[in-house]
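Undergrad: In the order they appear, the protein sequences are chains A and B. With our numbering, you'll find the first sequence wraps up at 119, consecutive numbering, no jumps. With our numbering, you'll find the second sequence wraps up at 259, consecutive numbering, no jumps.
I should point out that these hints are in silico values taken from the structure, not numbers from a laboratory.
Now the in silico label distances, taken between C-beta atoms and shown as ranges:
id: 1; chain 1: A; residue 1: 107; chain 2: B; residue 2: 166; range: 19 to 29 Å
id: 2; chain 1: B; residue 1: 258; chain 2: A; residue 2: 74; range: 39 to 49 Å
id: 3; chain 1: B; residue 1: 229; chain 2: A; residue 2: 60; range: 41 to 51 Å
id: 4; chain 1: B; residue 1: 215; chain 2: A; residue 2: 26; range: 38 to 48 Å
id: 5; chain 1: B; residue 1: 160; chain 2: A; residue 2: 72; range: 41 to 51 Å
id: 6; chain 1: B; residue 1: 154; chain 2: A; residue 2: 51; range: 16 to 26 Å
id: 7; chain 1: B; residue 1: 173; chain 2: A; residue 2: 82; range: 24 to 34 Å
id: 8; chain 1: A; residue 1: 12; chain 2: B; residue 2: 159; range: 32 to 42 Å
id: 9; chain 1: A; residue 1: 64; chain 2: B; residue 2: 173; range: 16 to 26 Å
id: 10; chain 1: A; residue 1: 21; chain 2: B; residue 2: 207; range: 42 to 52 Å
id: 11; chain 1: B; residue 1: 149; chain 2: A; residue 2: 64; range: 22 to 32 Å
id: 12; chain 1: A; residue 1: 48; chain 2: B; residue 2: 183; range: 11 to 21 Å
Yeah, the Cβ is synthetic: ideal placement off N, Cα and C, and Gly gets one too.
Here is what each chain is made of, one letter per residue.
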Amino acid sequence: NAGVTQTPKFQVLKTGQSMTLQCAQDMNHEYMSWYRQDPGMGLRLIHYSVGAGITDQGEVPNGYNVSRSTTEDFPLRLLSAAPSQTSVYFCASSDRVNTEAFFGQGTRLTVV
Amino acid sequence: GNSVTQMEGPVTLSEEAFLTINCTYTATGYPSLFWYVQYPGEGLQLLLKATKADDKGSNKGFEATYRKETTSFHLEKGSVQVSDSAVYFCALRDPYRAGSYQLTFGKGTKLSVIP
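Isolated chain A (complex conformation) (with noise of 0.2 Å):
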C-alpha cells in the first residue's frame, strides 16, 4: 500500500523562486492536510481540506497556497521563497470514521 506519497524529498531552493511540494494518497480519504516541523516548535498547521475544492488556512499559512481538485492530490505551493521556509513538511491523510492521521516521509526543503 502506498498511503501518502511525498515529492520530493530533497529540495533547495534560492530565495525568491517558487515551487510545488506534491502530496498524494490513495486511501479515498476525505481529508488532507500540510505541515511543518520545526526545531522546538512541533508540527504546525499550515493548509487543509476537507475534501475537493474545498481548503482553508491552518495556523501558519503566509507564502503558501493550496489547491484540491481532486481527492488523491493536494499539492503545496511557495509562491516566494524565503529563508523562514526552510523546514521540513509533512502531508497527512485522515477520514471521517478513523480518527487517525497517515502521514507521507516528509519533504526537507532548504531556502538559501
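Go by the hints and put chain B onto chain A.
TA: Coordinates of chain B only, in the frame set by chain A:
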C-alpha cells in the same frame, strides 16, 4: 483554543529502563488523544490512541491512559530498547471544533536509548 504540552527533552535512558513522557492537554470538548512516533529520517507513525476517558491505548509495549480528571495522556513503557530511540509527539483531535479533522501537536520529546 486547544493545546498540548509535553515534557521537554531530550531524554536519555539506558536499555531496559522505565520510560515516562508526560503529556497534558487543553480542549473545549472531549478530544481523541494520540501518541505519534518519528524515527530518524522518517514521517510520523501512529503509536497508540484513545478516544474516550479511561481508555488505555497500547502498542509495542507502550501504554497511555486517557485521564479526563487530570487532562493527561502520559506515555509509558516498562523496558525501553535501543530501537525505541525516536521523537515522540502527543496530539489531540477535537471533534467539536470547526475543521475537526485537525490535529494539535505537542512540541515533541526526543528519546535516546543507550546500550
